[in-house]
Amino acid sequence: MSTVKARLAPVTGHRLFWPLVMLVVLLVANTVYRPSFLSVELKNGHLYGSLIDIVRLSAPLILVALGMSLVIATGGIDLSVGSVVAVSGAVACLYISEQPDQNSLGGVFTALALAFGIALLLGAWNGVLVAVIGIQPIIATLILMVAGRGLAQLITSGQIITINSEPYKTIGVGHLLTLPFAIIIALVVTVIVAVLTRRTALGMIIESVGGNAEASRLAGVRSRRITLLVYVVSAACAAIAGFMMTANVSSADGNAAGLWVELDAILAVVIGGTSLAGGRFFLSGTIVGALIIQTLTTSVYAMNIDPQTALLFKAVVVIAVCLIQAPAFRARFRRRKSLAPPPAPTAEKQKEQVPA
Amino acid sequence: MTRTTITRRSLGALLAAGLLASGLTACGNSDTGDSASGDGKIVLGFSQVGAESGWRTANTTSIKEAAAEAGIELKFDDAQQKQENQIKAIRNYIQQKVDVIAFSPVVESGWDTVLKEAKDAKIPVILTDRAVDSADKSLYKTFIGSDFVKEGRLAGEWLVKEKQAATGPVNIVELQGTTGSAPANDRKKGFAEAIGANPNLKVVASQSGDFTRAGGKQVMEQFLKANPKIDVLFAHNDDMGLGALEAITAAGKVPGKDITIITIDAVKDGMQALADGKFNFIAECSPLLGPQLMELVKKVKAGEEVPARVETEETTFTQEQAKAALPTRKY
Chain A
1290 MSTVKARLAP VTGHRLFWPL VMLVVLLVAN TVYRPSFLSV ELKNGHLYGS
1340 LIDIVRLSAP LILVALGMSL VIATGGIDLS VGSVVAVSGA VACLYISEQP
1390 DQNSLGGVFT ALALAFGIAL LLGAWNGVLV AVIGIQPIIA TLILMVAGRG
1440 LAQLITSGQI ITINSEPYKT IGVGHLLTLP FAIIIALVVT VIVAVLTRRT
1490 ALGMIIESVG GNAEASRLAG VRSRRITLLV YVVSAACAAI AGFMMTANVS
1540 SADGNAAGLW VELDAILAVV IGGTSLAGGR FFLSGTIVGA LIIQTLTTSV
1590 YAMNIDPQTA LLFKAVVVIA VCLIQAPAFR ARFRRRKSLA PPPAPTAEKQ
1640 KEQVPA
Chain B
100 MTRTTITRRS LGALLAAGLL ASGLTACGNS DTGDSASGDG KIVLGFSQVG
150 AESGWRTANT TSIKEAAAEA GIELKFDDAQ QKQENQIKAI RNYIQQKVDV
200 IAFSPVVESG WDTVLKEAKD AKIPVILTDR AVDSADKSLY KTFIGSDFVK
250 EGRLAGEWLV KEKQAATGPV NIVELQGTTG SAPANDRKKG FAEAIGANPN
300 LKVVASQSGD FTRAGGKQVM EQFLKANPKI DVLFAHNDDM GLGALEAITA
350 AGKVPGKDIT IITIDAVKDG MQALADGKFN FIAECSPLLG PQLMELVKKV
400 KAGEEVPARV ETEETTFTQE QAKAALPTRK Y
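Chains as they are written, first to last, in our numbering: chain A, 1290 to 1645; chain B, 100 to 430.
It is possible that some hints are incorrect.
[Claimed, not checked] The calculated DSSO-like cross-link candidates involving lysine-lysine, where the alpha carbons are at most 27 angstroms apart (straight line), are:
1) A:1332 with B:352
2) B:262 with A:1332
3) B:288 with A:1332
4) B:262 with B:328
5) B:262 with B:218
[Said to hold, decoys possible] Estimated spans, in silico, between C-beta atoms of each pair:
6) B:429 with A:1403: 45 to 55 angstroms
7) A:1403 with B:230: 40 to 50 angstroms
8) B:261 with A:1320: 48 to 58 angstroms
9) A:1465 with B:261: 54 to 64 angstroms
10) B:180 with A:1399: 27 to 37 angstroms
11) B:299 with A:1303: 23 to 33 angstroms
12) B:209 with A:1467: 47 to 57 angstroms
13) B:299 with A:1620: 56 to 66 angstroms
In case anyone wonders, no lab produced these hints; they're calculated from the structure. For glycine and all other residues, C-beta sits at the position ideal for the given N, C-alpha and C.
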């Protein structure tokens, strides 16, 4: 038995083990509730099923969380991603809505480029506040979190902009090779980020800045430039997520688009095993984290959990994930288990003593 | 050394953020700076919740237009979703000795003190659109706004009539508004009361779509997969219904035909969907209470008795009525 344990140790000890277990548990619970949950069928030439919904809807969160991972790796945090989502979506939809032909590819690409450019500027604004002026990240990005949503509402004049553009819609609900287009975009961005950070020294440099920015600078790393860069990347990811979210419903809602997505993204990063203290990041973990969060939301709807208790249900699952991942908690739990047999006899002894 | 710089820096940042926030509030109050005019016109001080939706914007426009038409001087304040801004605005109105104060409360509780101040200054208060939970009903003259329960009931009654020939069970799914909000609770209640008339009508699933299109779509996607036979969708507002439309189409069903869709609000996009035959029925929740409000303001100022609860004039729309009403729709 101990040999089995020893052989399993590298598996159970892997930091993705517990998050993946949690994901499987959620999927199994859904399947028990409704056996057809995992079934995927071909409808109108593309895959259709709850599983596909989860993957498609988690695409924007995966993107936002990717950018967030890099920011957190430098010891920062980006609270403004939700607002960047709203601004980029609003700019793109507003531009398209003013085109004479909303289906023209040129118009859509111009809209995307315009919105993407504005998002990069917003990211650079965050980066300058943090890296050049030296404001603490949580405060620096809080400014844009508040102001950005106001900006989005200003762009949409407080209304929901509805568009009717097939090319733009494709970003959110289109399909390529039977798969949702959104998840393909998310995958491509993930691969780009992963290659750039893990196949070059960039990832290590980001981590070194998060570990100690001053020491990194003295060692020859341009800390400021790296810090600025991660905020720009984060905003860029948020902008693409904003396109997906607004394309999903063919409308830009300055109020609701990307609301609280920053908290979901931070949660996804943390579930994925990245420490908020910075210095390390795990992209694969972040993706699993994002999938868990979306699965959780979809489960609530699929299992028809009462909306009044849905938040509590989510909270309990999140607490369970976080506790199970904490080595200290697991160690304590294991110790309890191994200690469990010895206390039993002493309890019996005491019982015997009482009548005597 | 480094630590002090960091603290000093973050302190500066906090101050900057604070300045930004107070700057925003100052903007919101800019309309209330001047004092009440003395040319015999009735002066109405109005504090709006904010500008969070197309519905709210239409509400503001209606009040501004109606005031101009009725010859009432309007002092308008946008509270930007904050109760403290609203309390500040009301105190300003009291100091300026306006004739009547009207406001749309951001939240239900915490109004007793400021309403007492208004009462002591003998300025009548009218609540619009949203209620307060004060135990002392003498703190305000009247409350004008939509009856959410009635909206739900109207939706339900139409469905009962529509499906009266149905012999088998009719499966209904419900998209609720933001959990715990008054419109969500009341519309659900009214709808449930009305469909109780026919035991064949059954709500098989009910979830919150947070009043948003994305929420409505996401929930509907799962409803469609979990329930093989859905006959009716009841959405607490147009936006959730519009989101659900896309989910229904993606599932290979025809909205308005395979699934009967009932919503509440009647905003422009919703009315368009109704006219296009994608929705089947909308119970209106009208933001255009300006003219009624000005009537009440005049009556209250003249010291006449007004009912404690005034309902906004609202109607319902079928597909044909929507086609007729759409060209002149204001919001």
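Going through the hints against the structure:
| no. | hint | in the structure |
| --- | --- | --- |
| 1 | A:1332 with B:352 | 12 angstroms, holds |
| 2 | B:262 with A:1332 | 30 angstroms, violated |
| 3 | B:288 with A:1332 | 37 angstroms, violated |
| 4 | B:262 with B:328 | 16 angstroms, holds |
| 5 | B:262 with B:218 | 51 angstroms, violated |
| 6 | B:429 with A:1403: 45 to 55 angstroms | 31 angstroms, violated |
| 7 | A:1403 with B:230: 40 to 50 angstroms | 44 angstroms, holds |
| 8 | B:261 with A:1320: 48 to 58 angstroms | 37 angstroms, violated |
| 9 | A:1465 with B:261: 54 to 64 angstroms | 41 angstroms, violated |
| 10 | B:180 with A:1399: 27 to 37 angstroms | 34 angstroms, holds |
| 11 | B:299 with A:1303: 23 to 33 angstroms | 54 angstroms, violated |
| 12 | B:209 with A:1467: 47 to 57 angstroms | 54 angstroms, holds |
| 13 | B:299 with A:1620: 56 to 66 angstroms | 58 angstroms, holds |
Checked against the numbered hints above, the structure violates hints 2, 3, 5, 6, 8, 9 and 11; every other hint is satisfied.
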